[in-house]
Amino acid sequence: MSGAASGDLAAGVARYFSRRARWRPAEVVFWLLAAGTLFALPGKHLILAEIAILGLFALSLDLLLGYAGIISLGHAAFFGFGAYAAGLFSKHGLIAEPVLALLASGVLAAALGFVTSFLVLRGSDLTRLMVTLGVALVLRELANRYDWLTGGADGLQGITMAPVLGRFAFDIGGHVGYAYSLVVLAVLFFVARRIVHSPFGIALKSVKSNALRAAAIGIPVNARLVAIYTVAAAYAGIAGALLTQITQFCSLDVFAFDRSADLLVVLILGGTGYLYGGLVGAVLFKLMQDWLAAITPQYWQFWIGLVLVAIVLVGRDRMAAWLAAARRAVFRQ
Amino acid sequence: MSRGKLLAGVFAFAMAAGAAQAQDTVKIGLILPMTGQQASTGRQIDAAVKLFMQQNGATVAGKKIEVILKDDGAVPDNTKRIAQELIVNDKVSFIAGFGVTPAALAAAPLATQAKVPEIVMAAGTSIITERSPYIARTSFTLAQSSVVMADWAAKNGIKKVVTLVSDYAPGADAQNSFKERFSAAGGTVVAELKIPLANPDFAPFLQRARDAAPDALFVFVPSGQGGTFAKQFAERGLDKAGIKLIGPGDVMDDDLLNGMGDAVLGAVTAHLYSASHPSAKNKEFVAAFKKMHNNMRPNFMAVGGYDGMHLIYEALKKTNGSTDGDALIAAMKGMKWESPRGPISIDPETRDIVQNIYVRRVERVGGELYNTEFATFEAVKDPVKAAKK
Amino acid sequence: MLTIFIDGIAYGMLLFVLACGLSVTLGLMNFINLAHGAFAMAGGYVAVALVNRLGISFWAALPLAFVFPAILGVVMERVLYRHVYARSHLDQVLFTIGLVFMSVAAVDYTMGSQQVFVKLPSSLEGQFSLMGVGVGRYRLLIIVVCGVLALTLQAILAHTRFGSRLRAAVDDARTARGLGINVNAVFALTFAVGSGLAGLGGALGAEVLGLDPQFPLKFMIYFLIVVAVGGTSSLTGPLLAALLLGIGDVAGKYYVPKLGAFAIYTIMIATLIWRPHGLFSRGAAR
Chain A
1 MSGAASGDLA AGVARYFSRR ARWRPAEVVF WLLAAGTLFA LPGKHLILAE
51 IAILGLFALS LDLLLGYAGI ISLGHAAFFG FGAYAAGLFS KHGLIAEPVL
101 ALLASGVLAA ALGFVTSFLV LRGSDLTRLM VTLGVALVLR ELANRYDWLT
151 GGADGLQGIT MAPVLGRFAF DIGGHVGYAY SLVVLAVLFF VARRIVHSPF
201 GIALKSVKSN ALRAAAIGIP VNARLVAIYT VAAAYAGIAG ALLTQITQFC
251 SLDVFAFDRS ADLLVVLILG GTGYLYGGLV GAVLFKLMQD WLAAITPQYW
301 QFWIGLVLVA IVLVGRDRMA AWLAAARRAV FRQ
Chain B
1001 MSRGKLLAGV FAFAMAAGAA QAQDTVKIGL ILPMTGQQAS TGRQIDAAVK
1051 LFMQQNGATV AGKKIEVILK DDGAVPDNTK RIAQELIVND KVSFIAGFGV
1101 TPAALAAAPL ATQAKVPEIV MAAGTSIITE RSPYIARTSF TLAQSSVVMA
1151 DWAAKNGIKK VVTLVSDYAP GADAQNSFKE RFSAAGGTVV AELKIPLANP
1201 DFAPFLQRAR DAAPDALFVF VPSGQGGTFA KQFAERGLDK AGIKLIGPGD
1251 VMDDDLLNGM GDAVLGAVTA HLYSASHPSA KNKEFVAAFK KMHNNMRPNF
1301 MAVGGYDGMH LIYEALKKTN GSTDGDALIA AMKGMKWESP RGPISIDPET
1351 RDIVQNIYVR RVERVGGELY NTEFATFEAV KDPVKAAKK
Chain C
2001 MLTIFIDGIA YGMLLFVLAC GLSVTLGLMN FINLAHGAFA MAGGYVAVAL
2051 VNRLGISFWA ALPLAFVFPA ILGVVMERVL YRHVYARSHL DQVLFTIGLV
2101 FMSVAAVDYT MGSQQVFVKL PSSLEGQFSL MGVGVGRYRL LIIVVCGVLA
2151 LTLQAILAHT RFGSRLRAAV DDARTARGLG INVNAVFALT FAVGSGLAGL
2201 GGALGAEVLG LDPQFPLKFM IYFLIVVAVG GTSSLTGPLL AALLLGIGDV
2251 AGKYYVPKLG AFAIYTIMIA TLIWRPHGLF SRGAAR
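Order-wise, the sequence lines are chains A, B and C. With the first letter of the first sequence counted as 1, position 54 gets the number 54 in the numbering used here; the numbers rise by one all the way through. Each number in the numbering used here corresponds to the 1-based position in the second sequence with 1000 added. Each number in the numbering used here corresponds to the 1-based position in the third sequence with 2000 added.
Derived from the structure by calculation, the hints contain no laboratory data. These numbers come from a predicted model, not from an experiment. Some hints could be false.
Beta-carbon label-pair distances, calculated as ranges [as the list claims (entries may be wrong)]:
#1 C/Ser-2088 to B/Lys-1240: 54 to 62 angstroms
#2 C/Val-2075 to A/His-197: 43 to 51 angstroms
#3 B/Asn-1320 to A/Val-28: 54 to 62 angstroms
#4 C/Gly-2163 to A/Leu-284: 42 to 50 angstroms
#5 A/Ala-294 to B/Glu-1368: 36 to 44 angstroms
#6 C/Val-2075 to A/Leu-284: 26 to 34 angstroms
#7 C/Ser-2088 to A/Phe-30: 24 to 32 angstroms
#8 A/Asn-222 to C/Val-2075: 44 to 52 angstroms
#9 C/Ser-2129 to B/Ala-1375: 35 to 43 angstroms
#10 A/Phe-190 to C/Gly-2147: 56 to 64 angstroms
Keeping only pairs whose Cα atoms sit at most 20 angstroms apart, straight-line, the calculated EDC-like set for lysine to aspartate or glutamate is [claimed, not checked]:
#11 A/Lys-44 to B/Asp-1090
#12 B/Lys-1091 to A/Asp-290
#13 C/Lys-2119 to B/Glu-1130
#14 C/Lys-2119 to B/Asp-1239
#15 A/Lys-91 to B/Glu-1130
#16 B/Lys-1194 to A/Asp-147
#17 C/Lys-2258 to B/Asp-1211
#18 B/Lys-1244 to C/Asp-2091
#19 B/Lys-1179 to B/Asp-1215
#20 C/Lys-2218 to A/Asp-262
#21 C/Lys-2258 to B/Glu-1192
#22 C/Lys-2258 to A/Asp-290
Where is the CB? At the ideal position from N, CA and C, for every residue including glycine.
Throw the hints in and build the complete structure from the sequences for me.
Here it is, written out as structure tokens:
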């Protein structure tokens, strides 16, 4: 084992990981399309803003689930915490400028994540699911109890947003709102991408596949998990703050179980572990829901359920195979 | 005339007719909870709106009326986005519905900004109409019923009351307005109990109420929970212990009443509407409703929807089809008419509904359970806003 | 207050009957069936339809409220569920949530959105006095029926051949197969019984918890809490967990109404922090 051989090995490993971190053409196309919607689809900016926020929220869960293997049914706790923080900052004039308020809400959510992270370190999947869910539900009850602060079930009233960066005022058409959410999503996405391709992210992946082995080679497992949990909480908090800022309203629903459950569905739909899953899932789910709800306002849930069942029964592998076959057929012509 | 010119002429005529047609449609955005815990509210209002349009046609003041129904699942974020899309994309001239208070409140800033009348057909908290000068309400306020209940209770020998309400804004409204009026009339509220909204079991609260041994139990729970509550009330023997069940009529919702069984016979509530209200207009309304909707009995939510449509139609007639928001709201103020529930009007100062509140008792009529009205308090305004003057 | 204690026990027993099927399914086949609440709802609506519309007596309707969801469980298991056993937990979650959505909307469509009630026989209404304490007749029925069920289940588990096959399959499915135990058949039967029990729980619970198309979504959380706190490797775990939660919830709301809503969640979080695999999981006192 000469120094040269281990030096070669290190170089080989570094080359492998930097190759994986390179931007794929499909990714570039994705972001170009996203930027394009800013100009091409002005009528859809309201729902696109919601999709962007949901995508950011799903991204935060992907960091947990896809990269650290922590399953959570209470991620709405951080979403809601950030949402109320942003609402209160605006309402009481504590931080008027939206971007600063956004960052501050993210920091607060991260703090909450840090404090509760010890809860998810032990136990089985089911334990984690329930503990995280319990935290979210307790927060909801607290928000309901302290209604002098949060407005209770009526929601936080009287939020008026100052213009973004002092220049772009929120308009009723939702254009500024969408541009704002899209930019925030893009920036946070790129940061997340750097994180998962960094040594920290790679260590996390090894923890996910086998925590015992990772600990055996010297990776501080708990410290890594706490770190990613905090980051994920920050992302979720920012997503919540975005929602409050764009809709200028915040109610107890931000903590609801439905929100965490829908989030899980979105992420599983899009696929975990490659960062784009949350975004793809958000687009698919929200568009499908919107389309179905327009056709049948009362029974759209049935058709969504059917689609979900069908997707699982058919299976992602089979669908990928169909897509590949279709692509081949198209390009052969 | 050459064929070309004829064709051009026909084409131009068709274009003109089409354009005129497009301008002559008035769209109403109906935002209701069609799924989720409040789905029964959405269903009743949707049914009532359909009935109204079947009876009164889809044309008013030369304009065609188009109702766009959207489900918000009673989640205020959804309500806000849907209202925004309806206003900006579909260019609706009215937004209506709003099954819960947060939904109505979420849409209020939009109504103000876009100058689009917001017709509240279901939500019942007093402050809603204050949130925007473009809000008019055809449903009710909790305070209206609670205050009448307090008056009736004080006059009928009830001295000690325990209040039991769901822990959210309408519950607080009901409790506070009841307590204020009841204490002013000489009664005492010995305990104020709050039930979490997502509550599976009423047992501990009913037990507490029983322990306090009051003359009556004043109850408010959202319409979906009334049935379970009433059953547990009887199961626990509170009626046998001499405790009367009183409160706003939400707990004796017509939608559920018939399924509750004899346990609720004799319960006295105060409310704006009973399906057995003895007016010709109501008998006609109930019969038509049942015929159109598979024998479903209309409840107070349905009547809110029905009257909301009436308000919209009449306002359009008054403005001669103009969809200017300010003109429409001005037309709505002070409007009076005979609704299936009785005579109602829109208060010109607050744009809130002024209506009769009836005190009624649950009785078995023709084999079914109904709230039989036996006392009427006329032209009740929302007391919370009235007290502020 | 003894009445509160009895109320809590009744509530807890009801939760146990509703959730035990889920616990066994999870422990046995490692399958997360979030649609469990749909079977409970099915049982409830079957009881409502039989008693209210067809005039069948409540006592006769209860066993039928067990049978129909059980049959439904067998059919669903053979036709749909078995394609999903080998999939990841996440796919199972997606699949069963899809089923829940479909069942909620389907029931809304066929039975209407409002709450429904079961017409109880008059012998079950009201309270009677037992040593000076008021005891609700219906609550007593719940305690008796669920208690009998719990004892029967435990007896089957501990004293019959099927029970030992089931326990073997839960402990280690591969070895059990290797010993010649038909694990698939064991599972199909267990799934059916679990669904049937859920249905029975739904029928019994309609009076106390309220039955409407949203039932599976409303109560999913409580079933999951019982299973998480109770552990999935025995029946006593979920039973004690359900009792603890039932009494805790009811007593909490009675004695400390301001914090009542928190009680059930805080108990759960505290228990899971103390014993992350549930109260009576393998590795603990067994």
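Of all the hints given earlier, name the ones this structure violates by number, lowest first. 13, 18, 22
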